[in-house]
Amino acid sequence: MPDNLVIAVASGKGGTGKTTIATNLAHYTARLGQKVQYLDCDVEEPNGHIFLKPKIDFSGAVTIDVPQVDLEKCTGCGKCGEICQYSAIICIKENVLTFEQLCHSCSGCWRICPADAIKPKPLNIGDIEFGKASGVDFVGGKLRIGYVRTPSLIKEVKKHIKEDHLAIIDVPPGTSCPVVEAVRGADFVLLITEPTPFGLNDLKLTVGLVREMNLPFAIIINRYGIGNNEVEKYCAAENIDIVLKLPDDRRIAEAYSSGRIIVDVLSEYLKQFSELYEYIKRIKVGINDKRRLRVRRKNKSGFRSSSSCTQDP
Amino acid sequence: MKIAITSTGKTLDSQVDPRFGRAAYFVIVDTETMDFGVIENESAAAAGGAGISSGKVVIDSGAQAVLTGNCGPNAERTLTAGGIKLYTAVTGTVAEAVELFKNGKLTEASGPNVEPHFGMDT
Ligand code: SF4
Ligand code: SF4
Numbered sequence: 000m001p002d003n004l005v006i007a008v009a010s011g012k013g014g015t016g017k018t019t020i021a022t023n024l025a026h027y028t029a030r031l032g033q034k035v036q037y038l039d040c041d042v043e044e045p046n047g048h049i050f051l052k053p054k055i056d057f058s059g060a061v062t063i064d065v066p067q068v069d070l071e072k073c074t075g076c077g078k079c080g081e082i083c084q085y086s087a088i089i090c091i092k093e094n095v096l097t098f099e100q101l102c103h104s105c106s107g108c109w110r111i112c113p114a115d116a117i118k119p120k121p122l123n124i125g126d127i128e129f130g131k132a133s134g135v136d137f138v139g140g141k142l143r144i145g146y147v148r149t150p151s152l153i154k155e156v157k158k159h160i161k162e163d164h165l166a167i168i169d170v171p172p173g174t175s176c177p178v179v180e181a182v183r184g185a186d187f188v189l190l191i192t193e194p195t196p197f198g199l200n201d202l203k204l205t206v207g208l209v210r211e212m213n214l215p216f217a218i219i220i221n222r223y224g225i226g227n228n229e230v231e232k233y234c235a236a237e238n239i240d241i242v243l244k245l246p247d248d249r250r251i252a253e254a255y256s257s258g259r260i261i262v263d264v265l266s267e268y269l270k271q272f273s274e275l276y277e278y279i280k281r282i283k284v285g286i287n288d289k290r291r292l293r294v295r296r297k298n299k300s301g302f303r304s305s306s307s308c309t310q311d312p
Numbered sequence: 000m001k002i003a004i005t006s007t008g009k010t011l012d013s014q015v016d017p018r019f020g021r022a023a024y025f026v027i028v029d030t031e032t033m034d035f036g037v038i039e040n041e042s043a044a045a046a047g048g049a050g051i052s053s054g055k056v057v058i059d060s061g062a063q064a065v066l067t068g069n070c071g072p073n074a075e076r077t078l079t080a081g082g083i084k085l086y087t088a089v090t091g092t093v094a095e096a097v098e099l100f101k102n103g104k105l106t107e108a109s110g111p112n113v114e115p116h117f118g119m120d121t
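Protein chains in written order, with numbering that gives the first Met the number 0: chain A, 0 to 312; chain B, 0 to 121.
Warning: the hint list may mix true and false statements.
Pairs of lysine-lysine, DSS-like flavour, derived with a Cα cap of 25 Å [to be verified]: (1) B:9 with A:92; (2) A:154 with A:141; (3) B:104 with A:92; (4) B:9 with B:104.
Simulated from the structure, these hints should not be mistaken for lab results.
Please build the complete structure, drawing on both the sequences and the hints.
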C-alpha cells in the first residue's frame with residue numbers, strides 16, 4: 000500500500016453507517032500501527048468526534064472574503080448588484096445591501112466598483128479542529144450554522160491531508176457539491192449502503208457520481224440482513240466489489256448510540272475490519288494520474304496557515 | 000398607487016402565488032384604474048438569492064406595496080430598503096387581493112414570515 004492513500008467514505012443518504020465505518024476503520028488500522036488520519040468533511044453535521052473522542056490540540060477559524068461597502072464613497076451606480084451572480088449584494092436607491100451568507104467570494108463586486116467603495120473583509124464560516132484519538136490523527140471541520148459555503152470549508156479541511164498517512168475522509172451524505180468536493184482527489188471511494196430499495200436507489204446515484212468523476216470504488220453493505228438482495232444483484236451485474244457486509248446487529252446499534260467504537264466492544268467484528276484493511280492495502284494508486292486533482296501538500300507539521308485559515312491563539 | 004401581487008398566472012383572475020422570491024409572475028396593478036402589467040419572474044428558478052433579485056424587480060417596477068403569501072428575511076430586507084410595504088398571508092385571486100387591500104382589510108407584515116429558501120423544491 001502506498002503511504003499516502005486517500006480513502007473517501009461516502010453514502011447516498013445520511014444514517015447508513017458511514018461514520019461508523021470511517022471511524023472504526025481509522026481506529027482499527029491505528030491499533031495495528033498504521034499511520035492514519037481521519038478527516039471529518041461532513042462539516043454540516045460532523046459526528047466523527049463522538050466516536051473517536053479526540054483530544055483537540057488546537058483549532059482554527061476558516062474565513063472567506065465578503066464585501067464591505069463604504070457608503071460615503073458609493074455613488075449608487077448599481078454595478079456591484081449587476082455583476083453578482085448570487086444576489087449577495089444589491090444596490091437599492093443609493094443604498095447598498097449585502098447578504099454575506101450568500102456571497103461566494105468571487106471578488107466581482109470589489110473589482111468592478113468604479114468608486115472603489117467596496118473592500119473585501121473576512122467572514123468566519125466555520126472552524127477546523129486538530130487532535131489525536133488513540134493513534135488516529137484527527138481533523139474535523141464544522142460549518143457555522145446558516146452558512147452555505149460548505150465546499151470551501153471542506154477544501155480547507157482537505158488541505159491538511161498528510162503525505163505519509165492513510166487518510167480516511169468522512170464525506171457528507173448525498174450527491175451534491177459538498178460531496179463532489181469531499182471525494183475529489185481521493186484514491187478510492189467506499190460507498191456505504193443499506194440493502195433496501197431506498198438504499199439501492201441512493202446507491203445508484205452515488206455510483207453515477209463517482210463514475211463520472213472517474214474514481215475507483217467499492218461497496219460496503221451495512222445492516223446486512225434487512226431488506227432484500229437487490230443491492231447484491233446490482234453489484235454483481237455492474238461488476239462492483241462488495242468489500243464488507245456488516246450485519247444488522249442490535250449490539251452495533253447500541254454501540255453507535257452510546258458513541259462507542261464497534262471493534263472495541265464487539266471483538267468478533269475485528270475480522271471484518273481486518274478484511275477491509277487487507278482490501279485497502281491492495282488498492283493500486285495511479286500516481287501519475289494527472290486528471291485527478293491532488294489535494295495534499297508537502298506538510299509534515301499537520302497545520303498550515305493560509306490566507307483563508309487563521310489559527311486561533 | 001401601484002402595488003405588486005405575486006401571481007401564478009398572468010391575469011387578475013389568477014391565484015396569488017404563495018411564494019415571493021419564487022413566484023411565477025408579479026402582477027403590477029394600479030389601484031385607481033385597475034390597469035395592470037405582468038412581469039415574469041426570472042428568479043423563480045434561480046439557485047439562490049431569489050427573494051433579493053425578486054425584491055429588486057418589484058422595486059424597479061415602481062410598486063409601493065407587495066401582496067404575497069410568504070416572504071423570507073432576505074426579500075423582506077430588500078423590500079424594506081426600497082421603502083415597499085409588505086403584506087403577507089394573502090390568498091385568493093389577484094383581483095380579490097387588490098380589493099382587500101383597497102378596503103384596508105390587509106395588515107402590514109412586521110417582518111419575514113418564513114425562513115430563507117421557502118418554496119424551493121429541493
Ligand atoms: S464577492 Fe462575488 S459573490 Fe460576493 S457579493 Fe461580491 S460579486 Fe457577489
Ligand atoms: S458598484 Fe460601488 S459605487 Fe456602484 S453601487 Fe456598488 S458600491 Fe456603490
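Against the structure, the hints come out as follows:
{"no.": "1", "hint": "B:9 with A:92", "verdict": "violated (28 Å)"}
{"no.": "2", "hint": "A:154 with A:141", "verdict": "holds (12 Å)"}
{"no.": "3", "hint": "B:104 with A:92", "verdict": "violated (29 Å)"}
{"no.": "4", "hint": "B:9 with B:104", "verdict": "holds (24 Å)"}
Violated hints, listed in ascending order, are 1, 3; each of the other numbered hints is respected by the structure.
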